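There are 2 protein chains.
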Amino acid sequence: GSSPRKEGGSNGNFVADVAAGGKAIYMVSDGTGWTAEHLVHAALGQFDYCLVDRVCPVNTHLFSGIDDVETLMEIIKQGAKEGVMLVYTLADPSIAETARHACELWGVTSSDILSPLTEAIASHLGVSPSGLPRWAPGRKNSLNEEYFRRIEAIEFTIKQDDGALPQNLTKADIILAGVSRTGKTPLSIYLSQKGYKVANVPIVMNLELPRSLFEVDPEKVFALTINPVVLQTIRKARAKSLGFGDENWSSYSEMDYVKAELEFARNIFQQNPIWPVIEVSGKAIEETAAIVLRLYHDRKNRCSMPRISKRY
Amino acid sequence: GSSPRKEGGSNGNFVADVAAGGKAIYMVSDGTGWTAEHLVHAALGQFDYCLVDRVCPVNTHLFSGIDDVETLMEIIKQGAKEGVMLVYTLADPSIAETARHACELWGVTSSDILSPLTEAIASHLGVSPSGLPRWAPGRKNSLNEEYFRRIEAIEFTIKQDDGALPQNLTKADIILAGVSRTGKTPLSIYLSQKGYKVANVPIVMNLELPRSLFEVDPEKVFALTINPVVLQTIRKARAKSLGFGDENWSSYSEMDYVKAELEFARNIFQQNPIWPVIEVSGKAIEETAAIVLRLYHDRKNRCSMPRISKRY
Ligand SMILES: Nc1ncnc2c1ncn2[C@@H]1O[C@H](COP(=O)(O)O)[C@@H](O)[C@H]1O
Ligand SMILES: Nc1ncnc2c1ncn2[C@@H]1O[C@H](COP(=O)(O)O)[C@@H](O)[C@H]1O
Ligand SMILES: [Mg+2]
Ligand SMILES: [Mg+2]
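In order, the protein sequences belong to chains B and A.
Oh and the first sequence: position 275 is 275 in the working numbering, straight run, nothing missing.
Oh and the second sequence: position 232 is 232 in the working numbering, straight run, nothing missing.
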């Protein structure tokens with residue numbers, strides 16, 4: 001959703017929030033709960049129009065690691081009292097069935113988001129699901145090749161942030177180029193968590209770019225551009241959050257300078273027509289990431305229909 | 001899933017993979033496709049037992065930004081030819097219905113993972129879903145307070161990596177302490193993307209920790225520990241990937257040293273009993289993150305039942 005939302009370090013007291021009104025959604029998982037959170041978040045995007053301005057405020061509450069029926073029943077009972085809706089991912093079919101049944105009994109709207117998909121996949125593969133939750137004993141640990149590759153990608157990406165170590169550009173899978181505050185850093189980090197080694201190179205007015213940028217495979221370079229008004233807004237917020245007065249940072253967020261710097265970048269992009277130019281204005285990080293990765297995989301695989309493929 | 005998986009920079013040619021066998025799952029979204037990918041990934045965890053060793057290999061193919069019926073039909077037709085299963089998130093109810101119908105007609109197993117939840121939420125809130133996909137025109141952009149807070153958290157966390165700038169520990173929401181290769185960096189980054197400012201402080205044998213670590217609120221410090229055998233495995237992989245021979249790095253991954261360093265860390269943890277000690281062996285980053293955040297929110301809110309709450 002694009003509504004203002006509070007979580008993280010500076011969040012308030014949510015018990016008080018509930019008292020202050022708003023419908024609640026309980027999310028229960030025998031694992032981390034991130035899957036339920038992700039899907040609920042996407043679904044709430046369908047209600048943005050009334051979430052904004054708090055016309056229909058919603059509070060979500062995530063209960064993770066719930067793998068015993070007793071705790072589950074306690075949560076559902078509490079939920080029934082509070083009039084919440086329950087969204088759950090419970091790998092053990094009998095526990096999932098117990099949840100469904102209890103919700104029916106106590107009049108709690110519920111949505112099992114795991115079982116329907118697991119069952120469809122089971123019938124597609126012609127094998128049965130294990131019914132074992134993520135933290136079931138005897139589960140293999142995660143020290144596989146992919147685990148190491150991802151961590152390496154993250155560490156590489158951090159070290160390459162903000163134009164550092166240009167001699168390493170050749171080792172990157174993806175290189176992002178753009179002026180300050182086009183979101184290069186968060187985008188790099190997002191992509192690195194998916195296993196890509198990312199380097200980002202800032203474009204600064206009248207500053208020469210590292211020569212290595214023009215020596216690498218141009219198919220792995222992605223240019224970021226942004227609307228000047230949006231960029232000015234972001235830069236002003238940035239200067240403020242860094243505690244700089246308008247005097248020191250005037251040129252950085254001044255419209256003439258912003259436009260000239262974007263023009264400077266555009267010239268570079270035109271000289272490198274293989275670099276796709278991606279417009280980031282108004283896009284969330286994960287949205288720009290989707291666009292970059294679609295192009296990246298399309299270039300690599302040259303399928304008839306652009307796709308991102310993975311093998312399990 | 002904990003099976004070996006290929007994606008990212010060094011992936012091969014997936015068209016060849018499909019030919020090489022394995023059932024396929026097509027994921028189609030009018031948005032980024034990350035929600036479908038996340039849920040499919042979790043559901044495939046139920047088939048880990050047969051994915052490992054490639055007894056029932058699965059190939060997934062993600063099609064993002066599919067918001068017109070023509071392209072959708074093309075994908076479903078292609079999927080029918082290849083005998084795939086279709087998982088989709090399509091916000092427009094008439095397009096979702098078209099997908100369901102076409103799959104039925106062409107004998108493609110399908111799973112609509114968005115509509116059931118959206119409908120349940122609609123009935124819970126007593127309002128209708130917008131039916132507008134993520135990239136529908138007229139959608140508000142994402143430059144809200146949360147957007148800026150997240151980006152600030154990511155940038156803060158990168159700057160604080162590996163014990164840098166100990167004078168900033170007081171500004172962190174969460175501080176992670178542990179010996180090398182307990183996953184502090186990827187865990188910090190994961191948490192920062194959820195909006196938390198994270199600092200991580202490495203514990204190195206016989207090295208004094210920054211004094212500021214003992215001056216901050218101890219309730220925000222989390223200690224990481226790990227099984228010595230697991231740690232040795234990770235450190236050996238690390239030394240190898242850095243291209244160091246056994247000679248240079250012997251003590252780093254030598255069992256006596258590994259055990260002594262963990263003992264050194266344990267002593268520090270015992271002197272700071274408020275720090276929870278989290279065992280990371282065999283846990284994926286998102287799993288440790290779930291444990292850290294549950295404790296973090298529990299300490300902040302002191303609910304009867306540990307939960308992570310959020311307001312939309
Ligand atoms: N690797 C896995 N093995 C088995 N079950 C999993 C795995 N990953 C996720 N799940 C299940 O998928 C659901 C969502 O997981 P989570 O996102 O951790 O809440 C839970 O019911 C988990 O038990
Ligand atoms: N902010 C949003 N507004 C409207 N729909 C959204 C939003 N975020 C996600 N969705 C929908 O949720 C589904 C999953 O999104 P995605 O993860 O981008 O594929 C898609 O059908 C999107 O159209
Ligand atoms: Mg940056
Ligand atoms: Mg580190």
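Note that these hints are calculated values from the structure, not bench results.
Quick caveat: nothing in here was measured; it's all calculated off a predicted structure.
Warning: the hint list may mix true and false statements.
In silico negatives: residues of chain B with every beta carbon more than 10 angstroms from chain A [as the list claims (entries may be wrong)]:
#1 49
#2 78
#3 167
#4 215
#5 289
Capping the alpha-carbon separation at 27 angstroms, the derived lysine-lysine pairs in DSS-like fashion look like this [to be verified]:
#6 B:159 / A:194
#7 A:300 / B:194
#8 B:159 / A:236
Ideal Cβ positions, reconstructed from N, Cα and C, are used throughout, including at glycine.
So, going through the hints one by one against the coordinates:
The Cβ of residue 49 (chain B) does not lie farther than 10 angstroms from every Cβ of chain A; its closest approach is about 5 angstroms, which violates its non-interface assignment. For residue 78 (chain B), the shortest C-beta to C-beta distance to chain A comes to about 7 angstroms, within the 10 angstroms cut-off, and the non-interface label is violated. In this structure residue 167 (chain B) is separated from chain A by more than 10 angstroms, as the shortest Cβ-Cβ distance comes to about 16 angstroms. Consistency note on residue 215 (chain B): stated as away from chain A, and its beta-carbon is indeed over 10 angstroms from all of that chain's, at 18 angstroms minimum.
Look at residue 289 (chain B): its CB is around 7 angstroms from the nearest CB on chain A, not clear of 10 angstroms, so calling it non-interface is violated. Between residue 159 (chain B) and residue 194 (chain A), the direct Cα distance comes to roughly 21 angstroms. Compliance with the 27 angstroms bound is thereby established for this hinted pair. Using a Cα cut-off of 27 angstroms, the hinted pair residue 300 (chain A) and residue 194 (chain B) is violated, with the two alpha carbons roughly 31 angstroms apart. With a C-alpha separation of about 21 angstroms, the suggested pairing of residue 159 (chain B) with residue 236 (chain A) holds against the 27 angstroms cut-off.
Of the numbered hints stated above, those contradicted by the structure are hints 1, 2, 5, 7, listed in ascending order.
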